[in-house]
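K.L.:
Now for the letters of each chain:
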Amino acid sequence: MKTIFIIARRTWKTAFSNPATLALTLILGLALCLATFIGWQNFKTQNAQRLKYKELVREKWLAKPDKHPHRMAHYGYLAFRDKHELSFFDFGIESFAGVSIFLEAHKQNTVNFSEAGFSNGMLRFGEMSVAMVLQLLVPLLIFFLGYSSISSEREAGTLKIILCQGVSWRQLLFGKTLGIISLSFSLFIPIILLTVLLWAMLSDWQVSADSSLRLVFLVLSYTIYFIICAGIAVLVSAFHRSSKAALTSLLVLWVFFAIVMPRITQALGVILYPAPSKMEFAAAIGSDLHEQGDSHDPDDPHYAQLKAAVLKKYKVDDVKKLPFNYGGYVMAEGEKISAGIYNQHQQKLNQNFEQQNSFSVAASYLNPFLAIKNLSMALTAADFKTYIDFQAQAEAYRYGLAQRMNKLQIEKISNIAPGEKEKPLSISRSNWAEQPDFQYRFKPVSSVISNHIWSIVSLFCWFCAVLIVLGFSSRWVKTL
Amino acid sequence: MNPTIYRLEFKLFFRNKAALSGILILLISGFAGLYFGKKFIHQQDQVIEKASRMQQEQTGTNIKHFGKDPGLLLYHNKFSMVNVPDRWAAFANGQRDINPYLLSVTMLAVEGQIYDTDLSNPSTLLLGNMDLAFVFIFLFPLVIIAFTYSLLSSDQESGIWALVKSQSGSLMQVLWRKLSIRIISIFAVAVVLMISAIFYLHLPVDLRFLLIFLLLSLYLLFWFSLSFWVISLGRSSNYNAVLLISFWVVLNVIAPAMLNVWLTQRYPVPEALETLVKQREGYHEKWDIDKSKTMDKFYQHYPQFKQYPFPAELSFSWYWYYAMQQMGDDEALAGAISMSEKLVKRHQFTNLTALFLPGIQTQLRLNEMAGSDLENHLNFQKAVKTYHEKIRLYFYPLIFQNKTIENVQWDKFKVATYQGYATGNVWQHILSVGILILLFMLPAIYNFRKRISLF
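Same order as they appear, the protein sequences are chains L and Z. For my numbering, add 1 to where a residue sits in the first sequence, where the first one is 1. For my numbering, add 464 to where a residue sits in the second sequence, where the first one is 1.
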């Protein structure tokens, strides 16, 4: 054990005696601090913007005068997607997902106004966040530091001397790996401290247990990721005759894993599981609606049956004689049917998207970068699952709002329609406050873990694999 | 020039496994890029093909259900406009996955409809498309680096350089020969890919093709000149590799990523949410105010409709309804204009920074020429607005006069198309990348002239 630490300390010292390493580490550290700060600032601006409009929407809703409830159902609500406090750490899909959704009766709208929609293409080159630096650039630094760890000793002829002095291959490999890990931690630890500080400030020093857990898991995952990267760097160096060859191999690996493979896996997923276009999606819902009952169709059999049943139940011969507002009753039924059908189709679409994404989850067993990328997004609540959860919660709110207004209409609006020239019916504005404000609730960390169990397992597999190969590679590695 | 020496140099270059694998990687990923890019656009083409049939069907159903009430019919009926992908869009998919290429609008307030997005998987948007433009912008430079970083140093490290020095007349010529062989190989791959693109993507061979090829060539030359400059510093192979990869990471990853966050921070677009809120309020509040106020404003906008009598005594009329909807648009107009101004500012900022970042510069110009950039989408939105206005002007009189839809010429309102691209900013690319090439090439030549004998 002692030998391992000696080697690790030696690695650390030689690395930092090289001015290039020092410069690179400093530049990266600076980039990290800048990224953290800008991300934090960005979070505050965007969040303040959304909060401002959220409050405005609520205010306007409450200020509406006496109206027919169905007018309110059409006035609807605007919901804004909340950002999790930790999303300044990892932007995830944040910029590519819409921000606002208009919730109205009869109609499910899309989530609009994503940052990507305002970008002229530069966004495709990536966004600077702490996660991006940690996932992409720190491994590159690790590879730069580690490519010569063993091979340069071999080239200089010191490798055989070290091994002759009673140091085992295993000790040498673990020592070198430990040295490189500690190097990367000299960047990682300060950044984590900074993140914790900024995160606490964002949550007004009232940190929640759930967020703290998320952060702990985040730190753990990145630690494992760096260990994997360092292990790979040392192993590649050990198996190559020259440093130059080791460096080339590591750079090829980095480019392939971090730049090329994520795009290819996703593109494959999209091609193998093509999603319907919006037009086809709407048409499919339309045809289902036609089968189950279309309230717009005057000859629809479902609504004819409904009418007959209601008339029979209340023993009247005309809907005008019913003791409640029949129009509201039909609309409540229509909303129930159309929302049910819509939800079915939306779920199918989400499954479709998840099948597309499953490629990158499966590929994380070949590529640790994808594992950490998926996991990190999920832990900072900036992933696909959180997005569709927002959609689902917004839709549930929309449905609740529409049905509440239908209920108000059924109960409080006279069933006898006023004449063409008479004042339209309305109910008191005091009813509006009954509809609570939309508030998105983030899923607890436990659901993140169960949703992303395969990414976690893959990271763990990589970790074990690297440790095992480090432990047993002395059998295959050549000293000379 | 001695052709035999060239032939020998080529042989030497291709002896190296790295050379062949580099070329193979480019070819494979290039063909993959062609395939994925075409597939992506093909899906859009297919949807566009179906669009006109589906619109016809839906209009038919709507007429069946609501034909007696034109106001209600137009409340429900949708008119579509498609942004037809240019053939080049398969080469550079650009923003075509983010921005909708098919917008269906009813006659209601247009501001509430044109920002609707397509159904898309945000994870796919995040990871981006794998098109040929990606291969050119990201992968070609890496292979150029791999081919050139040890141009001089590997010979020095293996001791061959000393031999060359003693036997060859002009060392500069030796280096040029080595470099030109690499340039020729890379360009050969580029030409093969471009020719395949012509046939596979059915690209027209015209001025635009030549311009795009010119831009790509300049971009590739930029990387050669950068690499040549790094070689001229006379350091070890490992040093060169680390330095060049760092350049690649800074130019194509870190700098754009930094600029993106800075851009979002400096030019936020609250106007989007503002427009949304204004449009919604502008229309809905009209239900609760005196009809005459709405109608006065409406006649200010459209004096020609004053001739149709307004049924003020009715508690509801479609006349009033569409005037209210119109107010939603009119009151959101200021917000919409300031939003597009903000986007222009963003565009200018990106263009300015792109002067120093050849990767972004090339990507932006490619998207522009392929009609897959934000500009194109904004123009498409404008076209939709114009089309929407045409629909309004056609149907307003019909509804205001309570006419039947018997004489409506539905043929006039088939799926409308928009198509466009721009080549205006090509000069900016040629100039900026050209200057950057010189910026690295001249010091490199100077370094070699001065110190080549010392290496």
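Worth flagging that the hints you see were computed from the coordinates, not collected in a lab. Certain hints may be false.
Dumping the calculated BS3-like pairs for lysine-lysine here, alpha-carbon to alpha-carbon at most 27 Å [unchecked claim]:
id, chain 1, residue 1, chain 2, residue 2
1, L, K422, Z, K849
2, L, K108, Z, K806
3, L, K422, Z, K542
4, L, K108, Z, K532
5, Z, K532, L, K308
6, L, K108, Z, K542
7, L, K279, Z, K849
8, Z, K806, L, K55
9, Z, K542, L, K424
10, L, K279, Z, K757
K.L.:
For Z/K542 and L/K424, compute the direct alpha-carbon distance and say whether it is at most 27 Å.
P.N.:
Outside the cut-off at roughly 31 Å; violated.
K.L.:
Would the hint linking L/K108 and Z/K806 be met if the CA-CA limit is 27 Å?
P.N.:
30 Å, violated
K.L.:
Between L/K108 and Z/K542, does the CA-CA distance stay at or below 27 Å?
P.N.:
14 Å, holds
K.L.:
Is the Cα-Cα distance between L/K422 and Z/K542 27 Å or less?
P.N.:
It is violated: about 30 Å lies between the C-alpha atoms, which goes past 27 Å.
K.L.:
Need the status of pair Z/K532, L/K308: alpha-carbon distance at most 27 Å?
P.N.:
Holds. Z/K532 to L/K308 sits at ~23 Å (cutoff 27 Å).
K.L.:
Below or equal to 27 Å on CA atoms is what counts here, so check L/K422 against Z/K849.
P.N.:
It is violated: about 35 Å lies between the C-alpha atoms, which goes past 27 Å.
K.L.:
Within 27 Å, alpha carbon to alpha carbon, are L/K279 and Z/K757?
P.N.:
38 Å, violated
K.L.:
With the threshold set at 27 Å, check whether the alpha-carbon distance from L/K279 to Z/K849 stays at or below it.
P.N.:
20 Å, holds
K.L.:
With the threshold set at 27 Å, check whether the alpha-carbon distance from Z/K806 to L/K55 stays at or below it.
P.N.:
22 Å, holds
K.L.:
So if I understand the rule, the pair passes when the alpha-carbon distance is 27 Å or less; does L/K108 with Z/K532 pass?
P.N.:
This hinted pair holds, its Cα atoms lying about 23 Å apart.
The structure is inconsistent with the numbered hints 1, 2, 3, 9 and 10, although it conforms to all the rest.
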